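Grab the two chains, each in its own frame, and use the hints to assemble them into the complex.
Respectively, the protein sequence lines represent chains A and B.
Under my numbering, residues 1 to 358 are what the first sequence spells out, in order.
Under my numbering, residues 1001 to 1389 are what the second sequence spells out, in order.
It cannot be assumed that every hint is accurate.
[Stated by the list, open to error] Here are the simulated lysine-lysine pairs, BS3-like style, with alpha carbons at most 25 Å apart:
# : chain 1 : residue 1 : chain 2 : residue 2
1 : A       : Lys290    : B       : Lys1118
2 : A       : Lys41     : B       : Lys1118
3 : B       : Lys1306   : A       : Lys290
4 : A       : Lys41     : B       : Lys1094
[As the list claims (entries may be wrong)] Residues of chain B placed beyond 10 Å of chain A at every Cβ, according to the derived structure:
#  : residue
5  : Gln1086
6  : Lys1094
7  : Val1116
8  : Thr1163
9  : Arg1221
10 : Thr1347
11 : Lys1358
12 : Glu1369
What the hints contain is simulated information worked out from the structure, not anything from laboratory work.
Bear in mind the structure is a predicted one, so any value in this text is a computation, not a measurement.
Every residue gets a Cβ at the ideal spot worked out from N, C-alpha and C, and that includes glycine.
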Amino acid sequence: MRFDYDTSYRDGQALLRYGSGRAAYAVLALLLLAAPWALGKYYVGEMTYLFIMCIGSLGLMVLKGYTGQVSLGHSAFLALGAYAHAWMLGKGLPFALSIPMAMGFTALIGLVIGLPAIRVSGLYLAMVTLAFAILTEHVIGHWDAVTGGFNGMSVANPVVFGFDLSGLRPFYYLCLGLLTLVLLGLVNLMRSQTGRAFRGVRDSEAAAYGLGIWVSGYKVLAFVISAGVSGLAGALLAHHVRFLTPEGFGLFLALELVLMVTIGGLGSLRGAIFGAVLIGMLPVFISRIKPMLPEQVSKQFGLEIFVFGLILVLFVLFEPKGINGRWIKLKTFFQTFPLYRKDLFKRGKTYMKSERYK
Amino acid sequence: MLIRQLKRGLLAVALALGAATGASAAGVSATEIVLGTHLDLSGPVAAGMPSIRNGMQMRLDEANDAGGVNGRKFRIVVEDNGSQPQMAVRAIDKLIRKDEVFAIVNPFGSGPNAAVVKRAVDEGVIYFAPWAASSIIRRTANDSPLLFTVTPNYDTTMFKGVTWMLEQFKPRKVGFIYQEGPLGALMGAGVKKALEAKGMNYAAQAGYKAGDIDFSSQVARMKAADVDLIVLATITRETIAVMAEVKKLGWNNVRVITGNPGRTSIVLQLGKDTVEGLYGVGTWKLYTPTVGPDNVKKWFADYKKKFPHEPDENALLAYAYADIFVKAVQAAGRDLTADKVLRALQTMSFEHPIFYDKQVFKGGHFEPEYTQIDQVKDGAWTALTKPMQ
Chain A
1 MRFDYDTSYR DGQALLRYGS GRAAYAVLAL LLLAAPWALG KYYVGEMTYL
51 FIMCIGSLGL MVLKGYTGQV SLGHSAFLAL GAYAHAWMLG KGLPFALSIP
101 MAMGFTALIG LVIGLPAIRV SGLYLAMVTL AFAILTEHVI GHWDAVTGGF
151 NGMSVANPVV FGFDLSGLRP FYYLCLGLLT LVLLGLVNLM RSQTGRAFRG
201 VRDSEAAAYG LGIWVSGYKV LAFVISAGVS GLAGALLAHH VRFLTPEGFG
251 LFLALELVLM VTIGGLGSLR GAIFGAVLIG MLPVFISRIK PMLPEQVSKQ
301 FGLEIFVFGL ILVLFVLFEP KGINGRWIKL KTFFQTFPLY RKDLFKRGKT
351 YMKSERYK
Chain B
1001 MLIRQLKRGL LAVALALGAA TGASAAGVSA TEIVLGTHLD LSGPVAAGMP
1051 SIRNGMQMRL DEANDAGGVN GRKFRIVVED NGSQPQMAVR AIDKLIRKDE
1101 VFAIVNPFGS GPNAAVVKRA VDEGVIYFAP WAASSIIRRT ANDSPLLFTV
1151 TPNYDTTMFK GVTWMLEQFK PRKVGFIYQE GPLGALMGAG VKKALEAKGM
1201 NYAAQAGYKA GDIDFSSQVA RMKAADVDLI VLATITRETI AVMAEVKKLG
1251 WNNVRVITGN PGRTSIVLQL GKDTVEGLYG VGTWKLYTPT VGPDNVKKWF
1301 ADYKKKFPHE PDENALLAYA YADIFVKAVQ AAGRDLTADK VLRALQTMSF
1351 EHPIFYDKQV FKGGHFEPEY TQIDQVKDGA WTALTKPMQ
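Just chain B, with the same shape it has in the complex (with noise of 0.2 Å):
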């Protein structure tokens, strides 16, 4: 610490004197640019961690080998938020003032994001991708410069995908189950949106907490109400259970739609099945280790060969969103500050093959934003729709 604090002193001496163009903004150094992100390493969602944390890694491990950006090397510092507030505020904390990071990069979950947030673009630090409900989490920064979202918002997805739900079924109860959070409360925003707009309104509802696995009672309620269409709100392993314990009841006249969190690869890994039928509102393209083009199927190999596990969409989002900092990083020139890599990230656009179109940040946010449905059908994610925007 103390070697550090004399280290940067001296460095501001060398600066103040016009003898060095090195650092010129927390966390970089002449050879070194730190960044840091937190994730839930011991709570409930831990078990989908690795993959955003690797395929984080790889994208900085290309660049770092290719011999790092304008000479500057990547070091990631990850810490734990155990999907707590007061935890990730620590881990915040610690990257700020302790690790002096210059950009939070892919921290995720909507509860740890919202609390830290403000704290992050206070101190002057770049928030890059939060992996959270994004309009929560700019209403908490106040909208910041420093915040660049890219999560698809989920109330406004929902509607479109609800909508079309509607539309084309023509349901005549709908069921809503939810995690309670900020993840619940704006997809339940833009279901609700899409229901008045039909002048309709919820049969029934029900909320369960983060970490839960039993979803008998929701799923009852929904039985009780009588609904044909359910609508969820839910990650992973929530999806699953659900479609599991609909299926147990034999229930087959309901159809059931999940939001872009469940509509992943993972939820057909694990649930299999179960899951067969299930509807999905989709906002990024689906890829497997045999599905798509060349240039993923190379990059699932690779992925393959540097961790110990089978690799997901999320790592290779994860992948997509740290390209798209590094990229913007490479722009900034070797003269790094963070009002560069700001104009950087605003000013260009960004192309990978998991998003529908080239994107840009528009007002800090992902955009554009498409929305697609898929289903299940024969153990495969198959389109229903083009995407829609």
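Isolated chain A, as found in the complex (with noise of 0.2 Å):
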């Protein structure tokens, strides 16, 4: 067991209060810097995907985990994100500005989806942000003088103050540096007073709204800050792809990112984070035990999908908080052994649907 003794309210602060977490993060961080020159080139290519999917993930948590809404959708905002960027740098903007500006937008689309936001929630939200992604994705389809419509679009190499950023090792730097930046600022929003006020909107909006926080004004933001996360994520993704379509933004897209954030434990980024690469990885590692597998089940056509849905099925009935719940859970058991109890992390107090006001 850990007993906190602090000093002063610094310490209290800290993100890493104590010395083996910050040993352990400086290893990962170690690790994540050389994994470019140890690993083969497929590998430093899956990660860098990986990376891109973590910060797609990200923006959906802020959404989804901590404000409790629930987005279908949020493959558009990655499509949108793509298509400004590449729009942007086919103008001849440099990268070091499309990027903010792709987020700009995707943000100021948030905004406008958020809207209605306020009025719905639930499974009516859920169709809302549905119909904007299928909407999205028709218009990309059929703009053809913007998106290039179905027959696509090509992607200009990331170039920053004279530097090509598209090689393999550089664009994996600067998606780790990318995904660095959004996580950390994230952790931080997320202690702050916004974030504690998104987790009380989620929690019961009632006593939320008891306590004067404004709570359709945070829902709002939680939509336009996931928006811009999100479309940073997809103008990363439009450098990774090259070359853009409207079907590579489709349904199938915005369930893998809900998909992650459930899988990976609502209402934690590192979550997230845990979802991204897990989900990111399956299909590789399904495609790697097939061999392994008798012949009738390999040949089979769909064992992915099969998969996925066993796993979120799976992860509902035993393990309802995702992979980052069971983490803590061993962390705690391996701390506090052998004191740990099974009923340790039952919730003492859930709130009742009629505690929502409206």
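Encoded structure:
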């Protein structure tokens, strides 16, 4: 067991309070920095893709995990970010300017989409966002003059101050750097007043309202932040795929994102990362174990989707708090050994639906 | 991975010492040529993929059973693209960076191919016979000499087909049902050109998404516009679904014509009575296990022995394309490089019963292209025209 012995207020505010945590993250940072030099080309490319999905997953986590607003349409924000970025690059805007502008653009769209979110929630919000995703895909597919329509649109290389970052390693570091920035920004945001307000809105709108939190304002703000971060993921994804077609941002991507945050563990940024890595690697993992399976199983088509569904069902049944929940339980088990109790994480108070105002 | 890299390194050293004439291109070792492909194994058109994979596998196995080509055996790595560009990107990255393939052969899907072809040719990998809208793929790859397209251009073939229909039947109003994506866009360009040449325009247009199964609204829109010719930019299942819808409405005074992906014997097998009367723009010969020259009948019989499902002409086509590639590798000789295969593909001519004529690659595209109009009569595709060039 560990007991906090703070000698100043700063101790309590530190991101990583303990030496062990700092050491673990330092090792992780070193490993990630060294990875492109130690791993094969293929693995570096895959890790870059995972970093981008992590950013996308973090974007949705702000909305779904922290304010409890379901969005089945986050693929649209990725698409908007990707196309806006590619379009601006095509018009000759520098990369360093185009990225924040693409983020700003998607954030603006997030504001517009967030406004109806004040009025609807739950299933209805899911339907609004789903419709938004389908609409966006359709508009992108038919607005030939700007998006190239279904014939697609090629993406210019990322060039920062004369350096071409499209190479395997430079792009890896670019994505790693931006992921770190996003993660640090969100971690700090979520422990600030804004983050606490988000969680208040999620847990009980009535209670939050009673405490003087501007519920609708924070709901829309979550949409704006979430859309902006997703736009960044989209812009990076554009460089990763190098050729944009509307099919790439369909409902499959939206579902993948929802799976990432749900399986990772709602309400935790670490969970978003866990989920993105697991769901992102799953197709590769499945194709790897395929040769070991009996012929009748491995030659079946649609195995991937089956495994996706199976994992989701298993998590919903046995670990609703996701991978992050399991991780925290494991950690606590070892930290408190042998005092761990089975219902240590049972929530004392749960809020009823009727507590929502409206 | 490490061992392979080590082997590669050793080979390179051996080469430098002039001791061996082993590997001289990615994916080629002294005993093996690694090929790759990406098909839709989990997405909307997954049901059609075994034909393509098996057809190709059959030709490569034949080459291997005959002792390989110049002592090297073929190995093919099949990846899933799920008809998703992102998945195709991951598949191609794996094929190029991890399996280090010599060439990509018979990859499937307009969208996935458009998303990845540039990646492959930029890495110096031969991209052979994508099953996709050829001119879009060529444009995306900046007409790279490493790209060899075989699928007849959808725009020019549709132009010829629709022009013929317009001249033959003089329809008053023409409607167009298309799959959203490169396939529909390209076919639409050809149809539009044919209409404009006759001073006409679409009376109605309706799109659908790959994987859609209900076409009642699209057909209803055609009916509301009172068209008497419907042009379909559809693949197999959608073609049948549209015809079923037309028959359901009891709509008799309308002609329906489908592009080359819909003019297949699978449409007949699955559609049966519903596709009776359908017109089709054909760009290769049609065979069935009972109809065709002896060598094709034997091929169908061999296929049935080897694989647990019914052969179709996509399998035969995949076989024919793989055959071209194997012959080009053969011609490139023992000292195999990508350049030599390119030269062989560019200079040789190729024959197979499924093609209307002797074929060559002109500017990387398979020529000549023939277009023939067929109609389903008594459950069989019956030629209405000779192959038109």
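Here is what the structure says about each hint:
Restraint check for A:Lys290 and B:Lys1118: the C-alpha separation of about 28 Å exceeds 25 Å, so the hint is violated. The straight-line distance between the Cα atoms of A:Lys41 and B:Lys1118 is roughly 18 Å, inside the 25 Å bound, and the hint therefore holds. Between B:Lys1306 and A:Lys290, the direct Cα distance comes to roughly 21 Å. Compliance with the 25 Å bound is thereby established for this hinted pair. With a C-alpha separation of about 9 Å, the suggested pairing of A:Lys41 with B:Lys1094 holds against the 25 Å cut-off.
For B:Gln1086, the shortest C-beta to C-beta distance to chain A comes to about 5 Å, within the 10 Å cut-off, and the non-interface label is violated. Residue placement check: B:Lys1094 does not keep its beta carbon more than 10 Å from all beta carbons of chain A (closest about 6 Å). For B:Val1116, the requirement that its beta carbon stay farther than 10 Å from each beta carbon of chain A is not met, with the minimum near 8 Å. The beta carbon of B:Thr1163 is kept farther than 10 Å from every beta carbon of chain A, the shortest such distance being approximately 23 Å.
No beta-carbon of chain A comes within 10 Å of the beta-carbon of B:Arg1221; the shortest separation is about 16 Å. Against the 10 Å criterion, B:Thr1347 stays outside the reach of chain A, whose nearest CB is about 31 Å from its own CB. Taking the minimum C-beta to C-beta distance to chain A, about 32 Å, the non-interface status of B:Lys1358 holds against the 10 Å cut. With a least CB separation of 21 Å from chain A, B:Glu1369 remains clear of the 10 Å interface cut-off, as annotated.
Hints 1, 5, 6, 7, counting from the list given before, are not met by this structure.
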